Amino acid sequence: MTETEFEEIALMLPFYANGTLDAAGKARVSEALAQNASLREELEDVKALSNLVEAGGNEWEAAREPADEARLTRLMERVAAEPKAAAETAPAPKKTQRVVKMEPEKPGFFASLFQPAWKPAFAAMALVAVAQGTMLYDNLGPANNRDGTYQTASGQEASGYRLLISIAPGASWSDIQALLSEYELSIVDGPSDGFIEVATGVDLSKADQRELEAKLKASPAIADVLKTG
Amino acid sequence: MGIAETLAAIASGEEAAFTALYREMQPKMERYATGLLAGDGEAAADVIDEAFMDIWRSAGNYDGSGSAEGWIRRIVRNKAVDWIRKQKEKVGIGEGEQAEYEKNADLDDTPEQAFEKKSEGDELKREMNRLSDEHREVLWLAYFEHKSVAEIAEIAGCPENTVKTRLFHARKQLKATLERRREETGSGP
Numbered sequence: 001m002t003e004t005e006f007e008e009i010a011l012m013l014p015f016y017a018n019g020t021l022d023a024a025g026k027a028r029v030s031e032a033l034a035q036n037a038s039l040r041e042e043l044e045d046v047k048a049l050s051n052l053v054e055a056g057g058n059e060w061e062a063a064r065e066p067a068d069e070a071r072l073t074r075l076m077e078r079v080a081a082e083p084k085a086a087a088e089t090a091p092a093p094k095k096t097q098r099v100v101k102m103e104p105e106k107p108g109f110f111a112s113l114f115q116p117a118w119k120p121a122f123a124a125m126a127l128v129a130v131a132q133g134t135m136l137y138d139n140l141g142p143a144n145n146r147d148g149t150y151q152t153a154s155g156q157e158a159s160g161y162r163l164l165i166s167i168a169p170g171a172s173w174s175d176i177q178a179l180l181s182e183y184e185l186s187i188v189d190g191p192s193d194g195f196i197e198v199a200t201g202v203d204l205s206k207a208d209q210r211e212l213e214a215k216l217k218a219s220p221a222i223a224d225v226l227k228t229g
Numbered sequence: 230m231g232i233a234e235t236l237a238a239i240a241s242g243e244e245a246a247f248t249a250l251y252r253e254m255q256p257k258m259e260r261y262a263t264g265l266l267a268g269d270g271e272a273a274a275d276v277i278d279e280a281f282m283d284i285w286r287s288a289g290n291y292d293g294s295g296s297a298e299g300w301i302r303r304i305v306r307n308k309a310v311d312w313i314r315k316q317k318e319k320v321g322i323g324e325g326e327q328a329e330y331e332k333n334a335d336l337d338d339t340p341e342q343a344f345e346k347k348s349e350g351d352e353l354k355r356e357m358n359r360l361s362d363e364h365r366e367v368l369w370l371a372y373f374e375h376k377s378v379a380e381i382a383e384i385a386g387c388p389e390n391t392v393k394t395r396l397f398h399a400r401k402q403l404k405a406t407l408e409r410r411r412e413e414t415g416s417g418p
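First to last, the sequence lines map onto chains B and V. Quick note, the first sequence lines up with residues 1 to 229 if you use this note's numbering. Quick note, the second sequence lines up with residues 230 to 418 if you use this note's numbering.
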């Protein structure tokens, strides 16, 4: 038996021992074992390891408590509290849902925004957002009141919490637009000095403000978040 | 309804399908996570909850390539690896000090003393904690769950030869323990 053959058989031994080799593999290993004492010794190691894992694992199994209904109930409460990822294409959340329900690690969210079919729509949205920002900047001007209220393009004055955000390198407008939509933020001003000023549609408690800032900072599309004023 | 169909129903927002999947898969996945976490059943239960939350969020990402169970196992594995990483960060140790993170090992014990005073579960826990995450996973799948090399390769996301070599190296790493066990049981050469 060559060294290569020996190694090949030695690598197959765990599957010989656990009974998952096909008939041909099993016959090959059996034949090699009959001829080679070193392989038989290897097989003893495999069996000792198998015994250790089986015995220890069975002990762990015996100690493991089956999941009770309370655990499932708690899980379903979490499920109910979270917007379904699969429903991302559904209409935007209502105002009453506005305070930050997105989990930071929501998988597939940004990836889904880069589907080819979305690109023209986001390009159009980005243009609208930039135009709106420019109009607002012109309307507000540096001398205008910026405390606690802002004016939308329609001329309505609204209260809300405002933040300055800078976009991370590599992030696209579609990323930003998605974030604005997710948190129901509107562009109030900018871009200026690398920052865009955004505002919520409603006043937030201090805790909600902190949560919103944390969520935005956690977004890969955002490089920095600053409070205004 | 198979697992793939159940995932499709979950992707369309059916909570009943999610509940059914949980009831069917939770015990098996918790057993798998327990192996990955070297016997920490409490942590395994938490990992499984987080994994199922991910399944709820991303069931639509299962595209039918590969087995649905393999897809779920990969989510569980990722969550378990995250948990291990966070635990290591929490206790402030680096990769090079992993050997120190054998929380169940009494470093003053001789191997014989350790063997005598530990149960089988404790001994397995100690030995598993000496292995890397990758080695621990293949060891558990081959020796406890009795998976074939092809099944393990799919779950671990690596070639079959890698599975075999990982198992080989894990065995070599635990050689001293295995030799002692063989002597204890009188099955030595």
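If you're looking for bench data, these hints aren't it; they were derived computationally from the structure. Careful: at least some of the hints might be erroneous.
[Stated by the list, open to error] To give a feel for the contact side, a few chain B residues facing chain V, derived at Cβ under 7 Å:
| # | residue |
| --- | --- |
| 1 | 18 |
| 2 | 50 |
| 3 | 67 |
| 4 | 75 |
| 5 | 216 |
If you're wondering where the values come from, they're calculated on a predicted model, not measured in any experiment. Ideal Cβ placement from N, Cα and C applies to all residues, glycine included.
Here's how the hints hold up against the structure:
no.: 1; hint: 18; in the structure: holds, 5 Å
no.: 2; hint: 50; in the structure: holds, 5 Å
no.: 3; hint: 67; in the structure: holds, 5 Å
no.: 4; hint: 75; in the structure: holds, 6 Å
no.: 5; hint: 216; in the structure: violated, 20 Å
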